[in-house]
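Asks: Sequence:
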Amino acid sequence: MVRRFVAERRRDPYYRAAQKEGLRSRAAFKLTFLASRFPILRPGARVLDLGAAPGGWSLVVRDLIGPRGTVVAVDLRAFEAAEGIHPIRGRVGDPRLLARLGRDGFDTVLSDLSPRISGAYATDHARSVELVRAAFALAREVLHENGSFAAKVFDGDMRGGLEEELRPYFSRSGPHEASRLARTVLRDVPDRPRLLGERGRPRAPASAP
Numbered sequence: 002m003v004r005r006f007v008a009e010r011r012r013d014p015y016y017r018a019a020q021k022e023g024l025r026s027r028a029a030f031k032l033t034f035l036a037s038r039f040p041i042l043r044p045g046a047r048v049l050d051l052g053a054a055p056g057g058w059s060l061v062v063r064d065l066i067g068p069r070g071t072v073v074a075v076d077l078r079a080f081e082a083a084e085g086i087h088p089i090r091g092r093v094g095d096p097r098l099l100a101r102l103g104r105d106g107f108d109t110v111l112s113d114l115s116p117r118i119s120g121a122y123a124t125d126h127a128r129s130v131e132l133v134r135a136a137f138a139l140a141r142e143v144l145h146e147n148g149s150f151a152a153k154v155f156d157g158d159m160r161g162g163l164e165e166e167l168r169p170y171f172s173r174s175g176p177h178e179a180s181r182l183a184r185t186v187l188r189d190v191p192d193r194p195r196l197l198g199e200r201g202r203p204r205a206p207a208s209a210p
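Under our numbering, the residues of the sequence shown are numbered 2 to 210, in order.
Since the hints were made in silico from the structure, they are not lab data.
Being a predicted model, the structure only gives us computed values, none of them experimental.
Possibly wrong hints are sitting among the right ones.
[Said to hold, decoys possible] Here are the computed distance ranges between Cβ atoms for each label pair:
| # | residue 1 | residue 2 | range |
| --- | --- | --- | --- |
| 1 | Arg38 | Tyr122 | 24 to 30 angstroms |
| 2 | Glu81 | Glu165 | 25 to 31 angstroms |
| 3 | Arg69 | Asp158 | 22 to 28 angstroms |
| 4 | Gly67 | Gly120 | 39 to 45 angstroms |
| 5 | Thr124 | Arg92 | 18 to 24 angstroms |
| 6 | Ala100 | Arg134 | 17 to 23 angstroms |
| 7 | Ala127 | Asp105 | 31 to 37 angstroms |
| 8 | Ala127 | Glu81 | 21 to 27 angstroms |
| 9 | Gly161 | Arg69 | 27 to 33 angstroms |
Glycine residues also receive a C-beta, built at the ideal position from the N, C-alpha and C atoms.
All chains, full assembly: derive it from the sequences and hints.
Replies: This is the structure in structure tokens:
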């Protein structure tokens, strides 16, 4: 099993690209590609990175937003700190986390949260969807107006419903194609996590009074 995992990982195009570019993880390469397509990481931005360990996304974000920007990285696990990144050890969904994030808010919230893999894909997919919901609930509390939200979600039957659930909270003026982005990138690598993203102005859903 371990040998098979290593072999599959080495064939993974994201893994190979990350190694070639000297990035800390395959997820870091995916974020680099996402940022090249959508303006979610601007110089000087304040960015909240959820599920940050081992720190690959945070390093990419730091380099893209530059020295005037701020990266706050949250994870349950401790991970190696890096210059320009402010780590917080905590759990998304814990009400104490909001207070620790301060009152300055964020221009972008990223979520690379992943459930503990059970081996039952339907279960893991459902847990992944719940993690996106938890990340978005936090994002609603801390995002600036015209802020951006991007999250990883395992593909499955609940993905379409999740997209519909989140879409009303964002304006139609900005692109929301990020929810389709990884379908093209991963067309030859089935059953991989897919990126879900929206960009626009956070607002109350249309059905709200």
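Asks: Does each hint hold? Answer for all of them.
Replies: Here is what the structure says about each hint:
1. At roughly 28 angstroms, the beta-carbon separation of Arg38 and Tyr122 lies within the given 24 to 30 angstroms, and the hint holds.
2. For Glu81 and Glu165, the hinted distance range of 25 to 31 angstroms is not satisfied, since their beta carbons lie about 38 angstroms from each other.
3. Distance hint check for Arg69 and Asp158: the Cβ-Cβ separation is about 43 angstroms, which falls outside the suggested range of 22 to 28 angstroms.
4. Take Gly67 and Gly120: their Cβ atoms lie about 42 angstroms apart, and the range 39 to 45 angstroms holds.
5. At about 20 angstroms, the CB distance of Thr124 to Arg92 agrees with the hint of 18 to 24 angstroms.
6. The beta-carbon spacing between Ala100 and Arg134, approximately 21 angstroms, falls within the hinted interval of 17 to 23 angstroms.
7. Roughly 34 angstroms separates the CB atoms of Ala127 and Asp105, a value that falls within the hinted 31 to 37 angstroms.
8. For Ala127 and Glu81, the Cβ-Cβ distance of about 31 angstroms falls outside the hinted range of 21 to 27 angstroms, so the restraint is violated.
9. The hinted range of 27 to 33 angstroms is not satisfied by Gly161 and Arg69, whose Cβ atoms lie roughly 38 angstroms apart.
Hint check: violations occur at hints 2, 3, 8 and 9; the rest are consistent with the structure.
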